[in-house]
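> Sequence:
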Amino acid sequence: MGAYFRKAFCHGILYRHSNHLTDIVNKYPHMRIRTCVIKESMLQYTSEVLAYIIIGYKGVRKMEKYVFCNACGSPNPDGSAFCSACGKPLAVPQKPQQTAEPVSQPDSFTQPANTVSASDFRSYFRRSWREFAASPYQLVMVILYSVSFLISAYNAFDFLQNTNQWASLFRSFGQNGAIDTMQGWVTLGVMLGMIPETLTTIGLWLIYGDAASRSESPIKTVGLTMVRSVQIIYMVVFWIGAAAILFGSCAGAEAAGEYMDDSAKVGMLLLFTLIFGFLFTSILLKTKFISAARWAADYCIPDSGCAKGLAVFQFIEAAFIFIGILAAPNMRTLACVLMCAMSVMFGVLLLRYHETMEYLLWKRKSFNNTTATNFTARQTSNEGQWRCRCGRIHQKYETSCTCGLLKADVQTGN
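Sequential numbering of the sequence shown, starting at 75, is according to my numbering.
Incorrect hints may have been included.
List time: in silico EDC-like cross-link candidates among lysine to aspartate or glutamate, alpha-carbon distance up to 16 Å [unchecked claim]: (1) 294 - 205; (2) 439 - 377; (3) 362 - 290; (4) 437 - 194; (5) 362 - 377.
I should point out that these hints are in silico values taken from the structure, not numbers from a laboratory.
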């Protein structure tokens, strides 16, 4: 019995099925699927080992080559027409010639290829977007802009208070109607001028708040929409103000009798063109950048837009603000310093945004390549598969089945 057990163990485990467990580990990386296949294989191994222990190695091999009589149950050599014990004919069915069948679907234990869908990249894009929008650079820029807005609001209300004092002085001289009308227009202008800054501040905090949530939900673009609307308002007001200043300067100079020659007019026109051209280009780039960022956030498609060009304009704007700080009053100096720091921080943030979008664009291409590779792998993985007589489906590189049959025997019909 010990000799039979040793032969059964060596043949059933080490020799016959030694490479099968390695194939299982390589074929099924998921632990749950691998465990199921190994359990099924071990049951098959156990049954074979028990058979070898009970009747011996040679007996099992001889039984594989014998057929049994339906009348007396005696074993007969394979291919016999009559029973050697009772003489009755043996009902031996003819073995059909079975060949490997190509199949299109893997068996229940075959692990599907790792696929990368569009939703996978959208989730990755949203995580990367929120990590960028919730970065310390973004928080510092929002805080600087908010403090600058509060100082500007304080200066605006201080200006209204001074206007009220001057209006009270003129009322003491009996100028009531004209002063009231002028004071009302000044107050309305100051309040309307504070609306864009208020919307921009709220929009920046909404962008940061959505990014700080770190959720997997779609990116909320309400803040970007508010900031973009403010930039469009700035663009319209800019052209109206530029035209008013240009024609007002020319008309005022002629009304005062200070007629300018052609060279002076050309010089003033060039100066206005340079100043307002720079300001308009900056506003236009901001509008285009915010539109591109909003489109990227909505559709999860990387688009750096004009981030690098706008960053250059922000650094130049910060330099101009820094130069103009020396001539500003004390309270406005602090606001200008904050605006200068905010412009520099915004420029740095734009460069980081450009790098992030370029990385996501490269990542999107790698996701697409992975998807195409896995799709091709799914198409080619089924080519060359073969089906065993027991019903199991195997890959073309597998040479045996867990039931003990070899691929060559199945293909030749032996």
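> If a hint holds in the structure, say so; if it does not, say that too.
Outcome of the hint check:
no.: 1; hint: 294 - 205; result: 14 Å, holds
no.: 2; hint: 439 - 377; result: 13 Å, holds
no.: 3; hint: 362 - 290; result: 27 Å, violated
no.: 4; hint: 437 - 194; result: 12 Å, holds
no.: 5; hint: 362 - 377; result: 11 Å, holds
Consistency with the previously given hints fails for number 3 only.
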